[in-house]
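S.K.: Here is what each chain is made of, one letter per residue.
2 protein chains.
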Amino acid sequence: MTDTLPTLAILGGTGAEGSGLGFRWAHAGYPVILGSRSAERAQEGAAELNKLLGRDLVRGMDNLSAAKEAQIVIVTVPYSAQKPTISDVASALDGKILVDVTVPLVPPKVNRVQLPAEGSAVEAIQHMLGAGVKVVSAFQNVSAHHLKDLSHTVECDVLVAGDDIPSREIVIELANAVGLRGIHAGPLCNSVVAEALTSVLISINQRYKIPGAGIRITGLPGQD
Amino acid sequence: MTDTLPTLAILGGTGAEGSGLGFRWAHAGYPVILGSRSAERAQEGAAELNKLLGRDLVRGMDNLSAAKEAQIVIVTVPYSAQKPTISDVASALDGKILVDVTVPLVPPKVNRVQLPAEGSAVEAIQHMLGAGVKVVSAFQNVSAHHLKDLSHTVECDVLVAGDDIPSREIVIELANAVGLRGIHAGPLCNSVVAEALTSVLISINQRYKIPGAGIRITGLPGQD
Numbered sequence: 001m002t003d004t005l006p007t008l009a010i011l012g013g014t015g016a017e018g019s020g021l022g023f024r025w026a027h028a029g030y031p032v033i034l035g036s037r038s039a040e041r042a043q044e045g046a047a048e049l050n051k052l053l054g055r056d057l058v059r060g061m062d063n064l065s066a067a068k069e070a071q072i073v074i075v076t077v078p079y080s081a082q083k084p085t086i087s088d089v090a091s092a093l094d095g096k097i098l099v100d101v102t103v104p105l106v107p108p109k110v111n112r113v114q115l116p117a118e119g120s121a122v123e124a125i126q127h128m129l130g131a132g133v134k135v136v137s138a139f140q141n142v143s144a145h146h147l148k149d150l151s152h153t154v155e156c157d158v159l160v161a162g163d164d165i166p167s168r169e170i171v172i173e174l175a176n177a178v179g180l181r182g183i184h185a186g187p188l189c190n191s192v193v194a195e196a197l198t199s200v201l202i203s204i205n206q207r208y209k210i211p212g213a214g215i216r217i218t219g220l221p222g223q224d
Numbered sequence: 001m002t003d004t005l006p007t008l009a010i011l012g013g014t015g016a017e018g019s020g021l022g023f024r025w026a027h028a029g030y031p032v033i034l035g036s037r038s039a040e041r042a043q044e045g046a047a048e049l050n051k052l053l054g055r056d057l058v059r060g061m062d063n064l065s066a067a068k069e070a071q072i073v074i075v076t077v078p079y080s081a082q083k084p085t086i087s088d089v090a091s092a093l094d095g096k097i098l099v100d101v102t103v104p105l106v107p108p109k110v111n112r113v114q115l116p117a118e119g120s121a122v123e124a125i126q127h128m129l130g131a132g133v134k135v136v137s138a139f140q141n142v143s144a145h146h147l148k149d150l151s152h153t154v155e156c157d158v159l160v161a162g163d164d165i166p167s168r169e170i171v172i173e174l175a176n177a178v179g180l181r182g183i184h185a186g187p188l189c190n191s192v193v194a195e196a197l198t199s200v201l202i203s204i205n206q207r208y209k210i211p212g213a214g215i216r217i218t219g220l221p222g223q224d
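Going down the list, the protein sequences come from chains A and B.
Counting along the first sequence from 1, when you hit position 151 you're at 151 in the working numbering, and nothing is skipped either side.
Counting along the second sequence from 1, when you hit position 74 you're at 74 in the working numbering, and nothing is skipped either side.
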């Protein structure tokens with residue numbers, strides 16, 4: 001990474017997860033663009049974040065314009081919108097990192113793991129985009145619940161899976177920049193864990209009546 | 001559970017994971033039988049544990065005899081031995097709880113998630129045994145590394161998945177009895193997470209040069 005922080009486009013950036021992460025990244029100094037199918041909705045979402053931030057740090061654009069302006073493109077859309085959203089911006093992704101946050105939940109039973117037949121949802125995206133785009137899987141397990149409350153430390157590790165290790169390292173920096181802890185989780189196929197884990201965390205939230213279960217990896221150096 | 005602790009049979013009980021768990025359960029007061037294809041090997045494994053325990057608490061038998069004597073049968077064999085081992089003892093399982101610890105690793109790339117086509121490995125077992133056996137998935141993510149060192153707290157939560165909730169609760173007690181923390185992870189299909197997570201933990205062990213990464217669920221009541 002250079003001294004200048006990369007510009008982040010968050011597609012589906014008006015949803016709870018996307019706007020929550022965008023809020024934290026903007027607060028950490030990253031240039032953030034919220035993307036949405038509608039430029040107007042994206043601008044409204046950006047205005048809300050800027051109000052919370054007390055400064056005009058976030059912009060809003062349609063998804064394609066957002067992807068064009070960014071060095072790193074983050075996708076936080078529902079599973080059903082994953083392929084069409086990424087397909088629409090594919091022309092703007094060459095040579096960039098695409099961070100896929102998609103969780104393949106199948107409503108209504110979102111507390112049951114129901115992975116796609118091909119394994120992980122993100123591998124289908126890497127296959128669709130080809131090797132010119134560095135696809136990295138991350139952030140699926142971060143509950144949106146407390147992201148916009150800066151007084152609240154979000155207690156969750158981020159499993160970062162991807163076939164290109166330098167790209168993984170950049171995404172780990174993105175996690176660390178907002179007080180999460182990014183961890184190398186191996187090749188892209190290992191995304192299965194993060195994609196499936198969200199259903200288990202939802203199941204735990206329901207059974208134990210808590211708002212946002214997360215995970216920590218134990219046994220790492222420097223850990224209590 | 002009654003006041004008398006149930007007898008546990010650990011099939012594949014001479015391996016690192018099975019004997020480590022058996023050691024901890026015996027130390028916690030459970031009657032433990034190690035099972036193996038060879039009764040002699042099982043008896044040797046039991047003798048080793050009894051030496052460590054300083055008391056004759058553990059017995060060794062062939063897998064079928066062990067399963068017959070136990071109320072709860074725990075399977076800790078390599079993936080390739082899972083179906084034949086369980087098939088061999090199926091006649092002794094009716095009305096019992098079968099705890100499947102199997103991780104569907106595919107050597108040599110055990111740090112890559114390579115789940116069976118049907119999803120989780122444990123669902124195939126439930127299907128094979130039918131509804132008369134309560135199949136519960138647990139303990140896949142507990143590193144064997146420190147199990148036989150009682151001075152070492154094993155820092156790992158145990159995701160417990162199963163379709164029968166009372167059986168899950170009994171397995172959660174088994175985890176809690178040895179200082180782990182059992183957590184309801186939802187229906188049996190959610191076992192995918194624990195089965196796949198082991199490859200991610202192996203990948204983390206390799207990259208961060210640590211002996212036994214584990215997981216903690218965050219956000220639960222009573223947690224720091």
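Treat the hints as calculated values from the structure; they're not laboratory data.
All values derive from a computational prediction rather than experimental measurement.
Be aware that a few hints might be false.
No copy is singled out in the list; a pair is fine if it fits within one copy or between any two copies.
To be verified - Keeping only pairs whose Cα atoms sit at most 25 angstroms apart, straight-line, the calculated SDA-like set for lysine to any residue is:
| hint | residue 1 | residue 2 |
| --- | --- | --- |
| 1 | K148 | L57 |
| 2 | K209 | P107 |
| 3 | K148 | A124 |
| 4 | K83 | N176 |
S.K.: So, for every hint listed, does it hold in this structure?
M.R.: How the hints compare with the structure:
1. K148 <-> L57: within (15 angstroms within a copy, 54 angstroms between copies)
2. K209 <-> P107: Classified as within; 20 angstroms inside a copy, 40 angstroms across copies.
3. K148 <-> A124: neither (31 angstroms within a copy, 43 angstroms between copies)
4. K83 <-> N176: neither (28 angstroms within a copy, 43 angstroms between copies)
In summary, the numbered hints that this structure violates are 3, 4.
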